[in-house]
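**Student:** Spelled out from the first residue to the last, the chains are:
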Amino acid sequence: MKGARASRTTIALKLGMAVSGFIFLGFVLAHMYGNLKAFAGHDAFNEYAHHLRELGEPMLPHEGALWILRLGLILSLVVHVACAFVLWRRAARARTTKYVVKKNTGTTRASLMMRWGGVTILVFLIWHLLNFTIGKVNPQGGATNDPYDLMVDTFDVWWMTLIYIVAMLALGAHLHHGIWSAAQTLGWTGTAAKRQRAKVFGFVIALIVSIGFSLVPLAVLAGIITK
Amino acid sequence: MNLTLKIWRQPDAVSPGAMHTYQLADVSPDMSFLEMLDVLNEQLNDQGEDPIAFDSDCREGICGMCGLMINGDAHGPEVTTTCQLHMRSFTDGETITIEPWRSDAFPVVKDLVVDRGAFDRIIQAGGYVSVNTGSAPEAHSVPVPKDDADRAFNVATCIGCGACVAACPNGSASLFMGAKVTHLGLLPQGQPERDERVVNMVAQHDHEGFGGCTNIGACTAACPKEIPLDVISQLNRDLRTAIKHGH
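Protein chains in written order, with my numbering: chain R, -10 to 216; chain F, 60 to 306.
Some hints here could point you the wrong way.
Below, simulated DMTMM-like cross-link-like pairs (lysine to aspartate or glutamate); rule was C-alpha separation at most 25 Å, straight line [said to hold, decoys possible]:
hint	chain 1	residue 1	chain 2	residue 2
1	R	K92	F	D151
2	R	K87	F	E267
3	R	K87	F	E153
4	R	K188	F	E285
5	R	K183	F	D163
6	R	K91	F	D163
7	R	K87	F	D209
8	R	K183	F	E153
9	R	K91	F	E267
10	R	K91	F	D209
11	R	K92	F	E153
12	R	K26	R	E36
Treat the hints as calculated values from the structure; they're not laboratory data.
Could you build the full structure based on these sequences and the hints that come with them?
**Tutor:** This is how it looks when you write it as structure tokens:
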């Protein structure tokens, strides 16, 4: 093709998804670490949350570093979702007549769930921000200006914990395929051994993230973490 | 063996198609899959019906001409081409569903025949090396490491049958492109055009309407030549390098 541009190809879109995906991975690992502070008690958890807002002071204004990180995440979200949408539409147009019988030999369930799993995570993300960041809705009507109390009040409600556990399963499945897929897209898996390592790494990180996030809600529901 | 066959019939490229059911008796387990279809066509000829159109050429598993979706697997249940698949891989009384490759970039010509010209145009876009005419240079003047030569040869076994596209849930031809880009990119002769090659091939691939790869791996499971997923990593890496070089 005359005048073909590498940056306009489907692979460039995938590179956008891979890089933004790795930024999200860094975020969820840091977020999980912060959540686990709940096991250290009310003060440790709230101090951590408060410190996030003071990060970088006095060089940066109050919440300055937090907003820089947030802007980076918002940009990553726009890139990740926009590229996914374009690739989804392309894939739908690549096969408009479906097979009567189709087996997906050699595939994992996680790899086939990426798109709807991603939508699930996006819907959860909106719910989660309304719950804890923007809206600060306390389902038990208690305090909302105390992050620890808001968290305990939320996960004491069984169906709230259930929503979060389901979301973490979706996130785990997304990471299970997404991490190795991003490594492959970046061209890091050029041999069978490297591919195997990337798949194992993806699976282990997915387990750590989904279990690490689920521990706190389950501990609240079980009465291990209390106000 | 007695079989029930559900086969896609479509009179031409523009008319709508549908699945038709046929009964076929006394099939030998030693027949190849295409020989079984030959027998069915003889039966259809005797009944004055239009025989089923399907592609085949060498029937040795080396040309890449044949290719059918058999019970939801490209080239059927074995790791081989449709022509090298034998009826012993099926059971007596089985119902077998046979469909053409489904990809909008591979339009159906008739029944089970699809037009894979899109692959030819991808090759024309960059799947070659330019060599000046004149006497052939001394082969030993360009040394190739044994590992590279072996790997290039292994991925050069791609016969361009299109099973990767047929199996891919995204209808992507990344395994095919990856095989070509890896094969030529490993050899010294492929270096001068390496950046242009990957950019032009991928741009042509996108232009033909193939989907993007999501690394599901259905392609490599369907590939009769067992081209590994490594080649897609190489394809992505070459494109990333091309972006870095300003393409």
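**Student:** Each of the hints needs a verdict: does it hold here or not?
**Tutor:** A quick look at each hint next to the structure:
Note on K92 of chain R and D151 of chain F: the hinted pairing holds, with a Cα-Cα distance of about 21 Å set against a maximum of 25 Å. As the CA atoms of K87 of chain R and E267 of chain F are separated by approximately 18 Å, the hinted pair is consistent with the 25 Å bound. In summary, the hint linking K87 of chain R to E153 of chain F is supported, as the alpha carbons are separated by about 23 Å, within the 25 Å threshold. Distance check on the hinted pair: K188 of chain R and E285 of chain F sit about 19 Å apart at the alpha-carbon level, within 25 Å; holds.
This hinted pair does not check out: K183 of chain R and D163 of chain F have alpha carbons roughly 34 Å apart, beyond 25 Å. Between K91 of chain R and D163 of chain F the CA atoms are separated by roughly 17 Å; this keeps the pair inside 25 Å, and the hint holds. Using a Cα cut-off of 25 Å, the hinted pair K87 of chain R and D209 of chain F is violated, with the two alpha carbons roughly 38 Å apart. Restraint check for K183 of chain R and E153 of chain F: the C-alpha separation of about 41 Å exceeds 25 Å, so the hint is violated.
Of the supplied pair hints, the one linking K91 of chain R and E267 of chain F holds, its CA atoms being roughly 23 Å apart against a limit of 25 Å. In summary, the hint linking K91 of chain R to D209 of chain F is not supported, as the alpha carbons are separated by about 34 Å, beyond the 25 Å threshold. For the given pair, K92 of chain R sits about 17 Å from E153 of chain F by alpha-carbon distance, which is consistent with the 25 Å threshold. Restraint check: the Cα-Cα separation between K26 of chain R and E36 of chain R comes to about 10 Å, which is no more than 25 Å; the hinted pair holds.
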